Amino acid sequence: MITACAVDDLPIGESTRISGEVAIAVFNADGEFYAIDDTCSHQDASLSEGWLEGCLVECPLHAASFDLRTGVPTCLPAKKAVRTYPVVVRDGVIYVDTGSREAVA
Amino acid sequence: MKTVAVVGASLAGLRSVEELRRQGFDGRIVVIGEEPHAPYDRPPLSKAFLAGTLPAADLTLSDDDFDAEWRLGIRADRVDAETASVHLSTGETVRADGLVIATGGRPRTLPGTSNLAGVHTLRTLDDAVALRADLRPGARIVVVGAGWIGAEVASTCRSLGLEVTVVEAAPIPMERALGPTLGSLCADLHADHGVDLRLGVGVASFVDNGTRVTGVVLHDGTHLPADVVVAGIGVEPETGWLHGSGLALDNGVLCDTGCVTSIPSVVAVGDVARYRTPSGRHVRHEHWTNASEQATVAVRNLLAGTTIETYRPSGYVWSDQYGVRLQLAGETTGADEVAVIDGSPDDRRFVAEFRRAGRPVGLLAMNNAKLFGRMRRQLTPA
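Which chain is which? The protein sequence lines are A and B, in order. Those letters in the first sequence? Residues 1 to 105, by my numbering. Those letters in the second sequence? Residues 1 to 382, by my numbering.
In case anyone wonders, no lab produced these hints; they're calculated from the structure. All values derive from a computational prediction rather than experimental measurement. Built from N, CA and C at the ideal position, the CB exists for glycine as well. It is possible that some hints are incorrect.
With a straight-line cut-off of 30 angstroms between C-alpha atoms, the simulated DSBU-like cross-links for lysine-lysine are [as the list claims (entries may be wrong)]:
1) B:Lys-370 to A:Lys-80
2) B:Lys-370 to B:Lys-47
3) B:Lys-47 to A:Lys-80
4) B:Lys-47 to A:Lys-79
5) B:Lys-370 to A:Lys-79
Anything over 10 angstroms on all C-beta distances counts as not near chain B; from chain A, calculated [stated by the list, open to error]:
6) Ile-18
7) Glu-49
8) Glu-58
9) Val-72
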């Protein structure tokens with residue numbers, strides 16, 4: 001379990017990047033928190049810098065779009081899913097569970 | 001419409017096939033591609049692939065064949081546009097009711113170098129493989145042209161520890177696209193990374209040892225020793241096969257505002273398409289995003305049999321060079337004012353806004369993807 005940030009620091013429509021061995025992007029999509037691999041599965045770009053629309057994040061570099069719930073890309077140029085991670089909110093703090101990486105579709 | 005032929009199997013062709021299926025076309029699709037490779041991504045050819053950090057297998061654009069017939073390694077020699085019949089280099093003829101022209105472009109070559117080893121252009125995977133094989137330790141590289149391709153090749157060569165000289169005929173690189181101030185910043189990027197940048201001087205001739213290039217002579221008399229020369233001096237639209245087709249050609253395939261040619265069953269997409277803007281100019285773009293975006297509109301109009309949608313380009317372009325990420329959107333040429341609105345060029349992290357008559361028409365960002373992504377959605381179409 002790693003700490004992302006305080007709930008108050010991630011308003012709706014915002015994202016943050018947790019650096020580490022594998023960087024993780026955490027999003028607040030209309031009040032729901034999601035965590036996925038930060039690096040686009042297509043080429044080197046940070047998805048936390050992408051454009052968030054509903055449950056989709058668009059890669060800031062080539063506009064590949066990923067579903068935050070599944071990590072699955074919805075259009076080219078990405079072909080591979082990014083990993084998703086369970087998010088836990090406790091006492092006003094957002095945590096990401098990296099211990100149980102969910103299966104990639 | 002029963003059969004659509006797509007000529008050109010790179011991004012624009014692949015995206016057209018994808019859009020045909022996405023928009024409900026369930027007939028026969030025949031794709032004709034001159035290169036033997038399945039559609040692959042070209043941008044990494046000057047960057048990670050050239051550097052050797054991205055394998056060729058990772059360049060593949062799609063794992064889906066969209067239930068199309070992929071005729072690869074075959075050239076379309078000519079076309080009868082009225083009947084959408086495509087004559088192939090194999091002697092076969094593909095009869096179709098609809099035609100998508102997506103043949104892209106061919107890089108301009110340096111005069112007098114056609115038989116010289118060591119002189120390269122960079123467009124295809126095979127080009128990149130050949131160039132990479134020449135980037136041996138200690139090789140001295142001369143890049144002609146300081147545009148996007150030239151800058152990215154120079155950057156990659158420097159990352160490989162090679163000595164690089166960039167020759168650019170204009171006094172400021174990228175000035176037409178970026179203006180003098182930000183063009184000069186591009187020059188600084190070269191200089192910061194140890195590139196010998198020769199501005200405002202053209203190439204006069206080449207020196208060789210009978211088979212291989214050994215040097216470049218500039219108009220000011222300078223002799224630059226060279227083991228490898230890379231030309232990044234632009235692209236010509238690939239329209240030779242369309243002569244006599246009945247289609248209007250002028251620096252590309254002339255199209256209306258929706259990428260439809262003078263024949264409604266023929267559309268053109270990508271680098272080869274010279275479409276009419278709502279203001280009446282004909283323009284052609286040589287960028288990845290344009291090839292992808294145009295396919296959506298062109299296919300919609302092809303399937304409708306008439307132009308029901310106007311193409312509105314996002315003008316999105318990116319370049320990775322010298323460890324910085326450059327991103328452009330909208331129209332940056334012809335701006336009368338450029339203002340840095342976030343960050344600072346000195347810090348290599350900023351967003352600049354290009355304005356015409358006070359109105360924002362374009363953006364350039366360096367290492368500032370998040371803000372750029374927000375701001376580009378607020379640009380009003382020019």
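The hints, checked one at a time:
Proximity of Lys-370 (chain B) to Lys-80 (chain A) is assessed by CA-CA distance (about 23 angstroms); at most 30 angstroms being required, the pair is judged to hold. For a cut-off of 30 angstroms, the pair hint linking Lys-370 (chain B) to Lys-47 (chain B) stands: about 22 angstroms separates their Cα positions. Our distance criterion of 30 angstroms between C-alpha atoms is met by Lys-47 (chain B) and Lys-80 (chain A), whose separation comes to about 21 angstroms. Using a Cα cut-off of 30 angstroms, the hinted pair Lys-47 (chain B) and Lys-79 (chain A) holds, with the two alpha carbons roughly 20 angstroms apart.
Proximity of Lys-370 (chain B) to Lys-79 (chain A) is assessed by CA-CA distance (about 23 angstroms); at most 30 angstroms being required, the pair is judged to hold. Here Ile-18 (chain A) stays apart from chain B, with its beta-carbon at least about 16 angstroms from theirs, past the 10 angstroms limit. Against chain B, the non-interface label of Glu-49 (chain A) is violated: not every CB pair exceeds 10 angstroms, the least being about 4 angstroms. Not every Cβ of chain B is farther than 10 angstroms from the Cβ of Glu-58 (chain A); the closest lies at roughly 8 angstroms, contradicting the non-interface assignment.
The beta carbon of Val-72 (chain A) sits about 13 angstroms from the closest Cβ of chain B, which is more than 10 angstroms, so the claim that it is off the interface holds.
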